[in-house]
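*Asks:* Here is how the chains run, residue by residue.
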Amino acid sequence: MSGSVLFDVPGPRAVARQRVYTVAAAVLLAGAVAYAVIRLEQNGQFEYQKWEPFVSPVYIEALLVDGVLETLKMAFSAILLAVGFGVLLGVGKLSEHWWVRRPSWALVEFWRAVPVLLSMIFIWNLLGTDKESSPYWAVVLALMLYNGAVLAEVFRAGVNAVPKGQVEAAYAVGLRKTQVMLAIQLPQAVKIMLPALISQCVVALKDTALGYVVLAPGLTYVARLIYSNADFAQNQIPTVFVVALIYIVLNLILTAVATWVQKKFVGEKKVLEVPMVGEADPKQLPTL
Amino acid sequence: MDLFWEHREAIALAFAYTVLLFVLAGIGSMILGTVLAAMRVGPIPVLRWAGAGYVHIVRNTPLVIVIIFFRLAAPKIDLKFNFVDIVIPTAVGDIRLNNIFAACVVGLTVYTAAFVCEALRSGVNAVALGQAEAARAIGLPFAGVMTQVVLPQAFRATIPPLANVQIALLKNTTVAGALGVAEAFIRMRLLIKNNPAELWTLFIGFALIFVILVEVVSFVAHRLERRVRIT
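Protein sequences, first through last, are from chains A and B.
Following the UniProt record's numbering, the numbering of the first sequence begins with 1 at its first residue and continues without gaps.
Following the UniProt record's numbering, the numbering of the second sequence begins with 1 at its first residue and continues without gaps.
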């Protein structure tokens, strides 16, 4: 069995019964899939014309270059900026001075609660909707603000997770506050944060799809070009399947990287838990 | 500020749509997510794999793509939402529930359910081993173990992460706006378009309303958490 808490090793009768359930469930699921495929076929969704863009080099190139590459570019610029912003806010929230702590707290709360789409449209209008580069930066900056706020909490949790003795020892050998933060707490916190950081990359990558509303480049934009092209006879379904598949593959690769990094550098079994969506409540974050 | 007062009815109506999307998809995702979680921890391998497959596919797909599927793609294969248009008259205007609205509710439900499922699953795994064993020892079948012993405790342990998932849903309702529901995001976009000079005011105003809504949800979650806590 799966090692679930809910079961012990089943006896022969239970095994037989479960086998029957398994077959029944399998038949039911296979039936559902088959029905879906038949309906798709009946509606002509497997026509070559509808799938043509995904086997023609021009569109494959468009998907990979204008889609995947742009999406990755946006996601990584957003994450890089978000790390900077997040560390800044995180350090701010840990500050001893209330006039640094309070504004940092307010900024984190604000950007975490505001829907990314709202900030995206705002920044797009701020930069000027007629400029060619503004959709790209609207996506990147909106994601920076949102993910930065989330990462600030992650960073704070990371710093708090550094054993207290480390800090005390550093003070004891005569390091100053800044030195303790830079030389002792920050490197260890970053190590603890690393897997959570990569998970946040998945979130950023997925959220670049919201660039849809500001006409930003990326996979979703390419998808729109393809399914609104009259030549392909309204191929929304094939397009959604293909684009979703690309996103899934990208994210699974990222998740695999996260797992590997965690094993290699952190050596802990449990990821520092961050909500996938990022509404981390400081009280709910694990303090390890 | 005048702008908000001038458009107060339209803004109230927009947030009524937002809240309605949130409530409907919230309830839907809780139901679907619970079923998926039960599948994932249950004894039947095929259902376990199906549940895991669902979660992996949906969780790694952007919400926009999921909603585009239900809003634009699904109707092409007769998976139409033949929804009888419902008009709810309110003091600030009519709320129209049509096919677009239904498609967005379904999309949000399907997407959020994956996260609800994972939150619940971790809650189920957090329930002490002895609880399930004791329930099995007195002869309860799987369904009984789940519904009477494990799930009630799992829900309690899962309130904080579930609240996070639902808050994410609240913010995600804006995506439905981008695909044709007249909710808060679209209203803000329209107002910005007509009053470009008031960009800052409009953004901060709408953002603060969202901050308040998020605070309300987390307040309710905290209250709930306190009430069901074992002391």
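In short, the hints are calculated from the structure, not lab data.
Hints are not guaranteed to be accurate.
Counterexamples of contact, computed for chain A against chain B with all Cβ distances above 12 Å [claimed, not checked]:
| hint | residue |
| --- | --- |
| 1 | 14 |
| 2 | 59 |
| 3 | 60 |
| 4 | 70 |
| 5 | 83 |
| 6 | 95 |
| 7 | 109 |
| 8 | 136 |
| 9 | 174 |
| 10 | 190 |
| 11 | 212 |
| 12 | 237 |
| 13 | 254 |
| 14 | 260 |
Heads up, simulated DMTMM-like pairs for lysine to aspartate or glutamate below, C-alpha to C-alpha not over 20 Å straight-line [what the hints assert, rightly or not]:
| hint | chain 1 | residue 1 | chain 2 | residue 2 |
| --- | --- | --- | --- | --- |
| 15 | B | 193 | A | 130 |
| 16 | A | 50 | A | 61 |
| 17 | A | 164 | A | 96 |
| 18 | B | 193 | A | 132 |
| 19 | A | 73 | A | 61 |
| 20 | A | 177 | A | 61 |
None of these values were measured; they are calculated from a predicted model.
We treat Cβ as the ideally placed atom computed from N, Cα and C, and that holds for glycine.
*Asks:* All hints, please: hold or fail.
*Replies:* Status of each hint after checking the structure:
1. In this structure residue 14(A) is not separated from chain B by more than 12 Å, as the shortest Cβ-Cβ distance comes to only about 8 Å.
2. No beta-carbon of chain B is positioned within 12 Å of the beta-carbon of residue 59(A); the least distance is around 18 Å.
3. Listed as a non-interface residue, residue 60(A) keeps its Cβ farther than 12 Å from every Cβ of chain B; the least gap is roughly 19 Å.
4. Interface exclusion of residue 70(A) from chain B stands, the closest Cβ pair being 14 Å apart, more than 12 Å.
5. With a least CB separation of 21 Å from chain B, residue 83(A) remains clear of the 12 Å interface cut-off, as annotated.
6. Distance check for residue 95(A) against chain B: the nearest CB is about 23 Å away, which clears 12 Å, and the non-interface claim stands.
7. For residue 109(A), the non-interface assignment is contradicted: its Cβ lies about 7 Å from the closest Cβ of chain B, within the 12 Å cut-off.
8. Its beta-carbon lying about 17 Å from the closest one in chain B, residue 136(A) satisfies the requirement of being farther than 12 Å from that chain.
9. For residue 174(A), the condition that its CB be more than 12 Å from all CB atoms of chain B holds, with the nearest at approximately 41 Å.
10. With a cut of 12 Å on Cβ distances, residue 190(A) stays outside the contact zone with chain B, its closest approach being about 24 Å.
11. Interface exclusion of residue 212(A) from chain B breaks down, the closest Cβ pair being 5 Å apart, not more than 12 Å.
12. At the 12 Å boundary, the C-beta of residue 237(A) falls inside the reach of chain B, the nearest C-beta of that chain being 5 Å off.
13. Chain B draws residue 254(A) into its interface by the beta-carbon criterion, the shortest separation being 9 Å against a cut-off of 12 Å.
14. The Cβ of residue 260(A) sits about 17 Å from the closest Cβ of chain B, beyond the 12 Å cut-off, so the non-interface label holds.
15. Distance hint between residue 193(B) and residue 130(A) is fulfilled; the C-alpha atoms sit about 13 Å from each other, no more than 20 Å.
16. As the CA atoms of residue 50(A) and residue 61(A) are separated by approximately 17 Å, the hinted pair is consistent with the 20 Å bound.
17. In summary, the hint linking residue 164(A) to residue 96(A) is supported, as the alpha carbons are separated by about 17 Å, within the 20 Å threshold.
18. Taking the CA atoms of residue 193(B) and residue 132(A), the gap is about 18 Å. The hint holds against a cut of 20 Å.
19. Taken as a hint, the residue 73(A) and residue 61(A) pair is honoured in the structure, with Cα atoms around 16 Å apart against an allowance of 20 Å.
20. In summary, the hint linking residue 177(A) to residue 61(A) is not supported, as the alpha carbons are separated by about 52 Å, beyond the 20 Å threshold.
Comparing the model with each earlier hint shows violations of hints 1, 7, 11, 12, 13 and 20; every other hint is respected.
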